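Visitor: The hints should help you fit chain B onto chain A, whose structure is shown.
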Amino acid sequence: AQSVAQPEDQVNVAEGNPLTVKCTYSVSGNPYLFWYVQYPNRGLQFLLKYITGDNLVKGSYGFEAEFNKSQTSFHLKKPSALVSDSALYFCAVEPRGYNKLIFGAGTRLAVHP
Amino acid sequence: DTAVSQTPKYLVTQMGNDKSIKCEQNLGHDTMYWYKQDSKKFLKIMFSYNNKELIINETVPNRFSPKSPDKAHLNLHINSLELGDSAVYFCASSQDDSSDYGYTFGSGTRLTVV
Numbered sequence: 608a609q610s611v612a613q614p615e616d617q618v619n620v621a622e623g624n625p626l627t628v629k630c631t632y633s634v635s636g637n638p639y640l641f642w643y644v645q646y647p648n649r650g651l652q653f654l655l656k657y658i659t660g661d662n663l664v665k666g667s668y669g670f671e672a673e674f675n676k677s678q679t680s681f682h683l684k685k686p687s688a689l690v691s692d693s694a695l696y697f698c699a700v701e702p703r704g705y706n707k708l709i710f711g712a713g714t715r716l717a718v719h720p
Numbered sequence: 099d100t101a102v103s104q105t106p107k108y109l110v111t112q113m114g115n116d117k118s119i120k121c122e123q124n125l126g127h128d129t130m131y132w133y134k135q136d137s138k139k140f141l142k143i144m145f146s147y148n149n150k151e152l153i154i155n156e157t158v159p160n161r162f163s164p165k166s167p168d169k170a171h172l173n174l175h176i177n178s179l180e181l182g183d184s185a186v187y188f189c190a191s192s193q194d195d196s197s198d199y200g201y202t203f204g205s206g207t208r209l210t211v212v
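Chains A and B supply the protein sequences, listed in that same order.
Number 646 in this note's numbering belongs to position 39 of the first sequence; there are no gaps in the numbering.
Number 194 in this note's numbering belongs to position 96 of the second sequence; there are no gaps in the numbering.
Pulled out of the complex, with its shape left as it was, chain A reads as follows (with noise of 0.2 Å):
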């Protein structure tokens, strides 16, 4: 069955420190490869999509991804996290010639002062 992991419910990270938010997908073929985030009682925002190419994908508000393919992994990152960045994150997978999104079940990343 085709599914996307992230095995963190909660990431803690102090503001101006580094943050990575993980995700795992098993979806046969190469799906596109996306992040949101959702902020409280708001609708899902777009932060950046892999299709093809260079391995680090950069996207919104200073996020990147990285895109490991023997691990089928697709990694959130930031180099210097803020306060106004916790929200909730969504990793999701598109399989190539499915017009549809498989999400994971999303992490709270929670940026303290």
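If you're looking for bench data, these hints aren't it; they were derived computationally from the structure.
Fair warning: this is a prediction, and the values are worked out from it, not measured in the lab.
Even glycine gets a Cβ: it sits at the ideal position worked out from N, Cα and C.
You may find that some hints are simply not true.
To be verified - Okay, the calculated beta carbon distance ranges per label pair:
| id | chain 1 | residue 1 | chain 2 | residue 2 | range |
| --- | --- | --- | --- | --- | --- |
| 1 | A | P647 | B | T111 | 31 to 41 Å |
| 2 | A | A717 | B | T100 | 25 to 35 Å |
| 3 | B | D168 | A | E615 | 16 to 26 Å |
| 4 | B | T157 | A | G636 | 16 to 26 Å |
Unchecked claim - Straight-line alpha carbon distances no greater than 27 Å define the calculated DSS-like cross-link-like pairs of lysine-lysine that follow:
| id | chain 1 | residue 1 | chain 2 | residue 2 |
| --- | --- | --- | --- | --- |
| 5 | A | K665 | A | K676 |
| 6 | A | K629 | B | K120 |
| 7 | B | K142 | A | K684 |
| 8 | B | K142 | B | K107 |
| 9 | B | K120 | B | K138 |
| 10 | B | K165 | B | K142 |
| 11 | A | K684 | B | K138 |
| 12 | B | K138 | A | K629 |
| 13 | B | K150 | B | K138 |
| 14 | A | K629 | B | K134 |
| 15 | B | K139 | A | K684 |
| 16 | A | K665 | A | K684 |
| 17 | B | K107 | B | K120 |
| 18 | B | K134 | B | K120 |
| 19 | B | K138 | B | K169 |
| 20 | A | K676 | B | K142 |
| 21 | B | K120 | B | K165 |
| 22 | B | K134 | B | K169 |
| 23 | B | K139 | A | K665 |
| 24 | B | K138 | B | K117 |
| 25 | B | K120 | B | K139 |
| 26 | B | K120 | B | K169 |
| 27 | B | K139 | A | K629 |
Guide: Frame of chain A; chain B shown alone:
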């Protein structure tokens, strides 16, 4: 100039009622979707439409009936509402090509069935 707009934002209704949620996108996208986010924040696709044609129906009960009058609109009608239907419903749209952008989501409709 909201890209994907859905109404209403909040919906509180009694069990057994019928209700509709409307969605419109002004991005010119070819495909529209309904996703459901449950109380644990888990997101799952319900339906997708491409140019007014149903593409995906993810084993959603027949009480849920999507309707797409044109490419820019996808409405969701729910009959005989049940307590378990309480969730946040998100409309989304996407373009068919492999663009650098992902899916664009609406701000959600919080449905509470009492």
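Visitor: Determine for every hint whether it applies to the structure shown.
Guide: Now the hints, each set against the structure:
no.	hint	result
1	A:P647 x B:T111: 31 to 41 Å	violated, 23 Å
2	A:A717 x B:T100: 25 to 35 Å	holds, 29 Å
3	B:D168 x A:E615: 16 to 26 Å	violated, 42 Å
4	B:T157 x A:G636: 16 to 26 Å	holds, 23 Å
5	A:K665 x A:K676	holds, 17 Å
6	A:K629 x B:K120	violated, 35 Å
7	B:K142 x A:K684	holds, 25 Å
8	B:K142 x B:K107	holds, 19 Å
9	B:K120 x B:K138	holds, 24 Å
10	B:K165 x B:K142	holds, 19 Å
11	A:K684 x B:K138	holds, 24 Å
12	B:K138 x A:K629	holds, 19 Å
13	B:K150 x B:K138	violated, 31 Å
14	A:K629 x B:K134	holds, 23 Å
15	B:K139 x A:K684	holds, 22 Å
16	A:K665 x A:K684	holds, 10 Å
17	B:K107 x B:K120	holds, 10 Å
18	B:K134 x B:K120	holds, 14 Å
19	B:K138 x B:K169	violated, 31 Å
20	A:K676 x B:K142	holds, 25 Å
21	B:K120 x B:K165	holds, 10 Å
22	B:K134 x B:K169	holds, 21 Å
23	B:K139 x A:K665	holds, 26 Å
24	B:K138 x B:K117	holds, 23 Å
25	B:K120 x B:K139	holds, 22 Å
26	B:K120 x B:K169	holds, 13 Å
27	B:K139 x A:K629	holds, 17 Å
Violation of the numbered hints given earlier is confined to hints 1, 3, 6, 13, 19; the remaining hints are satisfied by the structure.
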